[in-house]
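A.B. asks: Mind docking chain B on chain A? Use the hints.
The residues making up each chain are set out below.
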Amino acid sequence: MDATFKPGNAQEVEEAVKWAAAETQPLEIIGQGSKRPFGRPVQAAHVLDLSGVTGIESYEPAELVLTARAGTSIAVLEKLVEENGQELSFEPMDFGPLFGEEPGRGTIGGVLAANLSGPRRIKAGAARDHVLGLEAVSGRGELFKSGGRVVKNVTGYDLPRTLCGSFGTLAVTTTVTLKVNPRPETSATLVLTGLDDQEGIQVLCDAMGSSAEVSGAAHLPEWIDDNRSRTVLRLEGFKSSVDYRMKALQQRLGSYGASYQLEEAGSKELWDGIRNLAPFAGRRTPVWRISVAPTAGPQLVARLKSSIELDAFYDWSGGLVWLTCTDGDIHQARIRAAVDAVGGGHATLVRADSSVRSDSAVFHPQSAPLAALSRRLKEQFDPKGILNPGRMVSGV
Amino acid sequence: MTAIAMPAPDKAVLARRQEILKALQAIVPGEGVIHDEREMRAYETDALTAYRQLPLIVVLPETVEQVSKVLKYCHDNDVKVVPRGAGTSLSGGALPLGDGVLLSMMKFNRVLDIDYSNRAVVVQPGVTNLGITRAVEHEGFYYAPDPSSQIACSIGGNIAENSGGVHCLKYGLTTNNVLGLEMVLVTGEVIRLGGKHLDSEGYDLLALMTGSEGLLGVVTEVTVRILQKPETARALLIGFPTSEDGGRCVADIIAAGIIPGGMEMMDKPAIHAAEDFVNAGYPRDVEALLIVELDGPEGEVDYLIDRVEEIARANQASHIRISESEEERMTFWAGRKAAFPAVGRISPDYLCMDGTIPRRELPKVLARMRDLSGKHGLGVANVFHAGDGNLHPLILYDANKPGELEAAEAFGADILRLCVEVGGVLTGEHGVGIEKRDLMTDMFTDADLKQQQRVKCAFDPKQLLNPGKVFPVLHRCAELGKMHVHKGKLPFPDIPRF
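Protein sequences, first through last, are from chains A and B. This note's numbering applies: residue 1 is where the first sequence begins, and numbers increase by one. This note's numbering applies: residue 1001 is where the second sequence begins, and numbers increase by one.
Note that these hints are calculated values from the structure, not bench results. Every value quoted in this text rests on a predicted model; they were computed, and no experiment measured them. Yeah, the Cβ is synthetic: ideal placement off N, Cα and C, and Gly gets one too. Where hints are given, some of them may not hold.
Now the stretches of chain B that chain A is said to cover, found in silico as 3 or more residues with beta-carbon under 8 Å [what the hints assert, rightly or not]:
hint: 1; region: 1043-1049
hint: 2; region: 1156-1164
hint: 3; region: 1424-1434
hint: 4; region: 1438-1445
Simulated pairs of lysine-lysine, DSSO-like, Cα-Cα distance not exceeding 30 Å [said to hold, decoys possible]:
hint: 5; chain 1: B; residue 1: K1401; chain 2: B; residue 2: K1375
hint: 6; chain 1: A; residue 1: K79; chain 2: B; residue 2: K1170
hint: 7; chain 1: B; residue 1: K1401; chain 2: A; residue 2: K145
According to the in silico footprint, chain B covers these stretches of chain A (three or more CB under 8 Å from chain B) [what the hints assert, rightly or not]:
hint: 8; region: 29-42
hint: 9; region: 256-266
Isolated chain B (complex conformation):
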C-alpha cells in the first residue's frame, strides 16, 4: 500500500459511465475515445510510477472545438477531468481518477507558425519540448528551457509544471520564455492570453497558468520565445575534497558576476554511480564534483573559463579539467545526464526528490541528509542544480521489499521538510502533484493555501479540473468565499491617521 490517498470515486458518476461514453463519442469520433480496459492501461500512470489508477474513459480530441465541447459536457454533467500531456510528470500530476475523464492533448502535435523576425514560435501543446528546437535549429535558434525529459515531454506539460532544466539559471524557466497561450476554461469558453507581444493588458493570467498543474484550464496553443544559439560553449569539470569547498566555489563564481549557462554538482554516491555506468572520467576520490558550463561569444567564454579556473583553485579544487573540444564537453555532461539511469542500475528502484534550498545551506543539508539516510535505512545520491539551489536527492529502495517504498516516501518527506526549514521550498521544477500535496501545510499556512484555492474557484468553481492534486484539503468554493468579519469601531488605534 502506498501512503498518498486519492479522493474516493463518486459512485453516481461510475454508474453513468455508458452515458458519458456515448456523449464523448458524439463529440470525438472514432478512435479518439478509449474505453477498453486493456487500451486504457497505457494511461494509468505518469512518471511517478508507484501510483496507478485506471481512468473512467480516455479522450483524445484533435480540435479546439472538441476540447471545448468535452469540457463543457463534463462541466454541465459534473464529471471530473484530468488533463494529460506526454505523461512524464514526476509528481503524479497526470495520475488519472477512477471517476474522471482523462483528456490527452497528444494529438495536438503541430508547429503552427515560425516567426524568426519576432523570435516567436507558435505550437500546439502536444509538441515536445525538443520538437520546438528541432523546428528552428537549422536557422541557429533554439528554445531555452531544457528539462531532462525534453525528448518526450510536451510543451503543454511544461506550461502546466513551469518546467526548468540545467540552463534555467541563465535563461529562465518556462514562465520566463512563454509569450502567449490559447486555453479552454472548464466551461468550454476559449480565451487567449498574450501573443507575440510582451506583457499583459490586465491581470497576468499567463503567469498564473504557468505552473498551475492542470487545475485551471486546458492549453490548446502556445507561443514561445526562441533564442539564437550561443556562439560556443565550454565546460570545466572540477572536483573538491569537501562539499563545503564546492559550495563556496559556486558562491564565489556568482559573486564574480558570472552567470554560467549551467552549473551542476554531484555528491560522491552520484559520482560513483555515474562513473561506473558511463566512464566519463570523473574522479572517484572527491566528495563533490562540479560541472560549470560557460556559453556565449567565443571571446567571452575563453575569458570566463580562466576566471572560473582561478576561483576553483582558490577553493581547494583537487581536480580540474577544461573541455578543449565539443566532444570533451559532451563527455563531461555524459555522466551527469546519465545520473538517473546510473542510479537505477545500482538500486532496483529510486525516488527522485526536487527541493530547492538557499545555496549557502548545501553543506548543512547534505550532512543532515546523511543522518536521515541512517534513520530510514536507505541510501541516497545527490545531483544538484548548483546555480539555483535546486536539489535532486535520489532515494534508493527496493519496491519488492515490504515497507521500503513507505520508508523511501518518509525519507523524501523529511528531506523536503528540511528544505523548507532552511528557507527553501518543496519543489523547484517537478511540481506538487500528488507527491508533495500533503506536505503543502509544512510550507504554507491555512490562510496561504485558502487564498490559492480561491484562485481555483475563479476558474473552476465546481472543482472538476484535476482535483486531488496540489492541495491537501479540498474546500468547497462556497465555504472559501465566506468572510468572517467583525463589525465595530476602528481596531487599530496605533496607526497614524490624518
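Chain A extracted, bound-state conformation:
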C-alpha cells in the first residue's frame, strides 16, 4: 500500500507519523520536492508531503521575528520580508538550476532541513543561525516545541538549530520561527581580475580580516568567463557606508592589480549566479560541495587537479569549494582523502545520478564514536527509523 499523505496542519502531520510509527511504515518527508535529488535516495513506501502545511503565523518586522509553517514556499517568504524592507540574511540558495529544474521552488522547512545558506553565510551566519524556534513531530509521533520567538534564548537544549541540516531524519518540522534582518540600502562589488586561485583566496582572506564588513567573498577562476579570473568582494549597507568602505578596500588591495566595480544591479546579478551555482547549471557532471578552512581551498583544488579533471570555484572566502568532475566519475575516495590532507572539513556529493548516490557516502563519513553518537541521537528521536530512512547514512 503505497500512499502519499498530504496533511494540512500540524495535527494531521502528528496523526500520520503516529500511524507510521505504530505500523513501522517508513515515510519520505518532502515539501515541494525541490531538493529530492540531494542526499541519498530514501527507501520508503509512503510519502509525507508537507507542501500543504503553509501560512505565516506571525510577522512583526519591528521585532525582527517571523513565524511560518514549514511548507510555506521560500519564494513567498522572501517576497514578504522584501516588501517590509527586510531579508533572510543567510541568503538561501536555489538548487533548481543545478538540478535542471525550475528556479524558485522549495519550502522554508526544506531550506532548514538542508541548512542551505548562500554567499552571505560568511558574514551573517548559516540558515541554522537564523532559527529561533520550532514545532516538530518526532518519529514517535509526538508534537513538541523547542526554542522560542525571541532572539536571545537559552532555555533548554538548542533543538531548533540541531534539527537544521538533519534532512528530516530526526523529526518532521511543522512550524519555524526565524530571525529576519533589515535589508541593506544598497550593495556594490569590487572585482579584481587575473589572479590565480592562491592569490585570489589570499585577497579574500585579507579583505575578510579587514574592517570593511565584506558580505560576499568569492573567486571565479578563468574557466568560468572570458578566460580571465575574477576575485569578487561584496559590500552592503547604507550608501554612504558602502562608498566609504569600497574606497578603503580598493586602497588596501590596490597592489593586487587590475580591478573594477559593479554597482547594485550588476552586483546582484553576479551574486545570484554564485548563490545558485550558475557555472554548473546546464551540465550533468557530478557536483561536490566541500567545506574547508578558507586558505585550504586552493590547496585542495591544486592537489586534486593532479589526478582528476575538474572545474571548481570558491565561495566563503575560499572555504567553500564547488567542484565538478568533468569526466563524470565522482572520485569519492580521492576527494575525501584530499579534504583530510588539507586539514579537514567535509565533502558532500550534491549532484549525481540516483543509483550513484545510493551506492556512495553522500555525506562525509564521521569518526566511529561520532557516527555512533549520531545514530543514538536518531534513535532517541525516531526509535522505529521511519523518518527518511537512509537519507543521510545508509541504514540509518
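C.D. replies: Here is chain B on its own, set in the frame of chain A:
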C-alpha cells in the same frame, strides 16, 4: 532554607569516597585532586551564591587523556560528575553535588593556535572570554560575544551557557561564533565537531552542545571565529519621560534598518543607583535611559548617529547626549556597566533575573513588575538589552531578614512567568541551571521536556553528567524510551491520500 531542592545524595556513593579518591589520584597525580574540606570550600558555589554544597571530591585534570579517564572511571562506577569552568554561572549550573565529583577545567588555560588568515583561534576551555581578545587585539582582532563577566568567565563555560553580552544583537551569541569543539563523552570517548571550516557534515551537534549546561559532555578544546575590530564606535545617551517612549524609539531604530552594536535601557531605580555610584552624568528626571552604540566605519557611524538622534527626537526624548570622544563614550557606559554593583550598594543582596520578552511588551511588563514589587514587598531595578528583549530585573532583598530570600525567589519566578506569558522565555543568557529548573514546566509541556531529556539519553544514558540541573523531573532513559502506540487502522480519514 532555600526553595530549590537538589537530589538526595546516594549513600552508597558517599560510602565509597575513599575508593573513588584513590582511583582519581591514580589518574590525576599530585595537587590535581582536592579532598580536604577546607580546600574544597572554594568550589562549594558559583555566582548563584545563595546555594552552597561541598562536592564529594574536586579533580583538576591537565590533559585530555586525564579528562577521558576520569569520566570513564566515573561512568563505569556510577559516580556523578559536575563540570565547572570559572564558576561564574548566575543560575547555579556549576553547583556541586554531595555525591558527585567536581571536574574543574581551569588548568586547560592555553591558547593553542591563532590563525589570522582564517580568522580562527583555537583555545583550551579554561581560557577566559577576554583572554581570547587579549591574545589577538594587537593585530586589531577581537572575539565578539562579551558577557559582563568576561574578565573571569571561561570560554568552556560560555559554550555550556551559550553566553551573550551587550553586543550580541549585531554580532550574535556564543553559538554564532563557535566553529569547532573537541569534547569528551561521559564514556571517555573523545570526539571532534567542526573546525576552521563552516557547517557540519552530519547532525549539528555543535549547536546542541552550545548551551547544554554541562549535561552532555566535557569540552576540552574550542575553535572560535575572531573579527576585525570596528573602525570606530560612538554612543548616544537618551532619556525619556516614559518607558513607552523609550520602547517606541527602540522599535523605530530597528524599523529604520539600523542594527546598533549595543542598545541598553535602564529604568529609573537603576539609573539612580548607577548615578549615585559612578556619577556618569545620567539624568535623574527620566523614566527610561537608553544607550545606543553604533560601531563600524567612521562614515557610517557619523551618518547613523544623526539618524538615531532624529528618531529619538521624534519619540519625545527629553535628554540627548552624543559622545564626541572615546572617553565620553566610556563614561556613558560606566553607569550601565556598574549597574549591578551599584544596586549592590543600595541593597544588602540582590537577585539578578534574566528573562527575554518581545520588545513591544516592555511597557506592559514594567508596569506589571511594579505591581509584583508591591505584592512581594521588595524593590526592583531593571537593566534591559533593549535590542534583543533580554531583561535583567535586579530584585532587592536582605538575606539576613527571615523570609526575604524566599520572597525574592517568588518575585523572580513571577517575573519569569510573566515573560513567558507575553511570548518570551525564562532565560536569555544565564541558563536554566537550578535557578529556573522548576519553572521549565511553565514554558514547556511534558512532551517538550521529555524530548529534550531523550537527547540527554543519547549522550549520557546513566544521567551522570550534572544531574539535577535544567530538568525539573528526572526520568530514567528506559522510561523515556517507551513508546505508547495503538495499533489499528488509519486514524486520519481527513488527510487527503493519493
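A.B. asks: Are the hints correct? Go through all of them and say.
C.D. replies: Hint by hint, here is what the structure shows:
1. Beta-carbon proximity to chain A at under 8 Å applies to 0 residues in the region 1043-1049 of chain B; the threshold of 3 is not reached and the given coverage is violated.
2. Using a Cβ-Cβ cut-off of 8 Å, 3 residues of the region 1156-1164 of chain B lie near chain A, which meets the minimum of three, so the contact claim holds.
3. Under the rule that three or more residues need a Cβ within less than 8 Å of chain A, the assignment of the region 1424-1434 of chain B holds, with 9 such residues.
4. Counting residues of the region 1438-1445 of chain B whose CB falls under 8 Å from any CB of chain A gives 4; the rule of at least 3 is met.
5. Among the hinted pairs, B/K1401 with B/K1375 is consistent with the structure: their alpha-carbon atoms are about 17 Å apart, no more than 30 Å.
6. With a CA separation close to 24 Å, the supplied pair A/K79 and B/K1170 stays within the 30 Å bound.
7. With a C-alpha separation of about 41 Å, the suggested pair B/K1401 and A/K145 falls outside the 30 Å cut-off, and the hint is violated.
8. With 0 residues having a beta carbon nearer than 8 Å to a beta carbon of chain B, the region 29-42 of chain A misses the requirement of three or more and the stated coverage is violated.
9. Look at the region 256-266 of chain A against chain B: 0 of its residues bring a Cβ nearer than 8 Å to a Cβ of that chain, fewer than three, so the hint is violated.
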